[in-house]
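K.L.:
Here's the letter readout for the chains.
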Amino acid sequence: MLRDITLGQYYQAESVIHRLDPRVKLGTTVLFIISLFAFDGFWGYGVAALFLGIVIKLSKVPFKFMVKGMKSIVFLLSVTVIFNLFLTPGEPLVQIWKLSITREGVRLAVLLSIRLGFLIIGSSVMTLTTTPNQLTDGLERMLRPLNKMRVPVHEIAMMMSIALRFIPILMEETDKIMKAQLARCADFESGNLVRRAKSLVPLLVPLFISAFRRANDLAMAMEARCYRGGDHRTRMKPLHYEKRDYIAYLIVIGYLVAGVAAGKLIPVLLGGVVL
Amino acid sequence: MPIILDKVSHIYGEDTTMPVRALDNVSLVLPDGQFIGLIGHTGSGKSTLVQHLNGLMKATSGAIYFNGEDIDSDGFDRKMLRARVGLVFQYPEHQLFETDVFSDVCFGPKNLGLSKKEIDLRAYEALKLVGLEDDYFYQSPFDLSGGQKRRVAIAGVLAMKPDVLILDEPTAGLDPRGRDEILDQIARLKQETGITVVLVSHSMDDVAKYVDRIIVMNKGRVLYDDEPKEVFKRYRELEAVGLAAPQVTYIMKALREKGYDVSDEATTIGEAREEIKNYFARLVAARKERQGAEDA
Amino acid sequence: MSSTQQNFAGCGDREGKMGIVKVRDLIYEYIRRDEEGNVEGITTAVDDVSLDIRQGEFVAVLGHNGSGKSTLAKHLNAILYPTEGTVWVDGKDTKDDAAVWDIRQTAGMVFQNPDNQIIGQVVEEDVGFGPENMGVPTKEIWERVEESLKAVGMYQYRKYSPNKLSGGQKQRVSIAGVIAMHPKCIVLDEPTAMLDPQGRREVIRAVRALNDVERITVILITHYMEEVIYADRVYVMDKGRIALQGTPREVFSEVEKLKELRLDVPQVTLLAHELRREGFPMPKGVLTDQEFLEALEHCVSAVM
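First to last, the sequence lines map onto chains A, B and C. The first sequence: position 85 = 85 (our numbering), numbered continuously. For any residue, its number in our numbering is found by taking its place in the second sequence, counting from 1, and adding 1000. For any residue, its number in our numbering is found by taking its place in the third sequence, counting from 1, and adding 2000.
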């Protein structure tokens, strides 16, 4: 089902992760992603896995919600894995015809899947525990300095927020139109690429028309409710850091240090065994 | 082409923590040529049910037979089924996509792989059946009024020459005249073609006048399945599930409770008017008789 | 409706010359263009309409699809501006650019499609959207959100995602979003057209409560007849003009005329009308079952 996409889908729960300032969560997500590429060796990822595991546990969001987000990148992931597996030069392990799997290839492929997997799960944790409004509020505040460079930060944040709100609605709409055309014996599945692309016209035209109509309606509704850009607005949920947010920052710094240290120190302690 | 549902259940999200039983052991027979009203409030399972009838949704358990054949069996031609059981969704005008009305109606028959001549003929007949004038045929469907767009969309399904026509809330969002026009048109095409028509609605007022059988759905089950007047007798039970009998029914009940000797089976304005007229005719006759007796 | 009148008297408008909404000789035209952008013709969507609505009134505007009622409604919130004529909202001319935001705050607007007017991902955030735009201090936004959600009976859903609500619930959230802006007047543009009967009842109940309890002026645009019998006054529109006006009883007395205008009357009104045509001494404009029963009693005593 099209509705299975979890990115941008908030999961309602009462947890300390939910209560954190969105800026903390955004910052942490960015740092976490950087850490995935900065850590070296599997011990660093061990620390990352532990950190991610604890955050997921604290968030009270069922794990399967995070995994759902993975489905959409399975294809991308397998392509990268295969490329890395076969095309990395180095010490051959297995030889299949002219292709060889190298030790370095395996290492890179595993690293990449871990990185991508953690990246998706990590960002899912953020989107699942933060309402899109909070998220855009957080982004807006963090990017506010860009306002001086005439970047319309508020407008961009508002656009993101609205896009997120309408994703599930448009998904449902796609489903409906698809069924309606199927009921008229439309065929979305057979034929060559050109035919298939053409068969999407009866789906896409109504979908675009509907999206434009909605956009129009929404713009009117927003104006009717006195929306006039970011200048005069106050906030229902203004952002200010609490004690827990500072603690969270400290924990993240601790995590980074631990990750780097684990990557560098544990192999040395274990006598230089490099996996 | 009768459709038979044998203990059909449909469960949404079966593998999740909150499965929803949208259809619960539904058994029905839809014989040829009936005019059926399928009534239930939002979430009663009526929309899920109709999507099973043309194979757009698959039953979690139970079986559906079209013309004696199990529609889930291997080798069953599902595309044929969708053509024979035409389903018009709610707000069907949202599916229009072609640059002119006529081409849009041709979409269905074209998918059936018919000859150009046959496609054109069917599209023309379908547009005539829904009562759209020739002037509109080559206009953009997006320039038409709401009621006209809806007709075009219904024609788009009719052009496949279905044996069964299912309409999910065909009057939603239309003004009263638009509503009456669409329903009258459906009744007329039912009469002209003799096909089975299933009218899905949450309004008893709308269907009472037209159908000869009402199926009431509640919580995924068939609550009642009978002639309209039999169903409306259960008006208290209907209220309990968020539905209501036509307002006329209530007036007639109230009259009976007040001691008027009228039948409370009237479900349309016309029937109620006749019932009351007859009652007064009896009153007048009785008075004349009395006066006659006194005079004598 | 003595309370309504009291309220009107109390609003300090001694001469009674300006109600909350005053429309004079309003004409709205738009230019139709073909695909190349050439002018095809001019459509007059609203044609010479004048009306006055007093503070605290419940006014319904009826009309078939395309009668111009929605176009009229959009003028009351300064979304559209008159081609000719003038619209005043709370004494302010909608053409005055400086007054636009005051007007939009005074006359809140609820639209037809519940999905296309909810901006927030969480109910309470959506209700707070209007006050945020107005620059209301944070603490007060929370108070307003709470009181508005309570007024429409949606407080227990404040943490929900709008996608999880029924159509009627979504429309009540939209209404709360408008009330939170503390308008004097609320314009509802076919708020029930896309709802099921249950949702329709919920919304109309909420609207009536706003009018009765909070004394907010209500302007309800609709084509459902059952919804207007509680209105103080009804305007019926056709071809951009006001074709009929009066109390619901007066308007519903004109059964034939309403049918001509592509409208309908409640079943009980229609039944009474048909009996009347058959020669029964039925009064015009019977609106409820109770009235019908009483009228029929009179018919009985007339023949006895």
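Be careful, since some hints might not be right.
Said to hold, decoys possible - Distance condition first, Cα-Cα at most 27 Å in a straight line; then the derived DSS-like pairs of lysine-lysine: (1) 64(A) <-> 2239(C); (2) 57(A) <-> 2164(C); (3) 179(A) <-> 1229(B); (4) 237(A) <-> 2164(C); (5) 1253(B) <-> 176(A); (6) 1209(B) <-> 2159(C); (7) 198(A) <-> 1161(B); (8) 1128(B) <-> 2259(C); (9) 176(A) <-> 2150(C); (10) 2239(C) <-> 1253(B); (11) 2257(C) <-> 1277(B); (12) 1253(B) <-> 1190(B); (13) 1149(B) <-> 198(A); (14) 2159(C) <-> 237(A); (15) 2159(C) <-> 2095(C); (16) 2139(C) <-> 237(A); (17) 2284(C) <-> 60(A); (18) 1190(B) <-> 2284(C); (19) 1128(B) <-> 1149(B); (20) 237(A) <-> 2150(C); (21) 1161(B) <-> 1149(B); (22) 2164(C) <-> 1058(B); (23) 1219(B) <-> 2257(C); (24) 1058(B) <-> 71(A); (25) 2239(C) <-> 1209(B); (26) 68(A) <-> 2159(C); (27) 1209(B) <-> 179(A); (28) 1117(B) <-> 198(A).
Said to hold, decoys possible - Not the full set, but computed from the structure, chain B residues with beta-carbon under 10 Å of chain C: (29) 1002; (30) 1043; (31) 1240.
Unchecked claim - Here are some chain B residues the structure puts well away from chain A; computed CB gaps all over 12 Å: (32) 1072; (33) 1078; (34) 1093; (35) 1253; (36) 1292.
By construction, these hints were calculated from the structure, which means they are not laboratory data. Just so it is clear, the structure is predicted and the values come from calculations on it, not from any experiment. Using N, Cα and C, we set each Cβ at its ideal position, and we do this for glycine too.
K.L.:
Do the alpha carbons of residue 2257(C) and residue 1277(B) lie within 27 Å of each other, as the hint requires?
P.N.:
This hinted pair holds, its Cα atoms lying about 25 Å apart.
K.L.:
Please verify whether residue 1128(B) and residue 1149(B) have alpha carbons no more than 27 Å apart.
P.N.:
Given pair residue 1128(B), residue 1149(B) holds - Cα atoms ~14 Å apart, limit 27 Å.
K.L.:
Check whether the Cα positions of residue 198(A) and residue 1161(B) lie no farther apart than 27 Å.
P.N.:
holds (25 Å)
K.L.:
For residue 1219(B) and residue 2257(C), compute the direct alpha-carbon distance and say whether it is at most 27 Å.
P.N.:
Judged against 27 Å, a Cα distance of about 42 Å means the pair is violated.
K.L.:
Residue 1149(B) and residue 198(A) were given as a pair; does the straight-line alpha-carbon distance stay at or below 27 Å?
P.N.:
It holds: about 24 Å lies between the C-alpha atoms, which stays within 27 Å.
K.L.:
Between residue 68(A) and residue 2159(C), does the CA-CA distance stay at or below 27 Å?
P.N.:
Cα-Cα ~24 Å, so holds.
K.L.:
Residue 237(A) and residue 2150(C) were given as a pair; does the straight-line alpha-carbon distance stay at or below 27 Å?
P.N.:
holds (20 Å)
K.L.:
Is the hinted pair residue 2159(C) and residue 237(A) satisfied, with a Cα-Cα distance of at most 27 Å?
P.N.:
OK: residue 2159(C) and residue 237(A) at ~13 Å, within 27 Å.
K.L.:
Given the hinted pair residue 1253(B) and residue 176(A), is their alpha-carbon gap at most 27 Å?
P.N.:
violated (41 Å)
K.L.:
Against the 27 Å threshold, does the CA-CA distance of residue 64(A) and residue 2239(C) hold or violate the hint?
P.N.:
violated (57 Å)
K.L.:
Holds or violated: residue 1058(B) and residue 71(A), Cα atoms, limit 27 Å.
P.N.:
holds (23 Å)
K.L.:
Is residue 237(A) within 27 Å of residue 2164(C), Cα to Cα?
P.N.:
Within the cut-off at roughly 22 Å; holds.
Figure legend: structure checked against the earlier numbered hints; hints not met, in rising order: 1, 3, 5, 6, 9, 10, 12, 15, 17, 18, 23, 25, 27, 29, 31, 33, 34.
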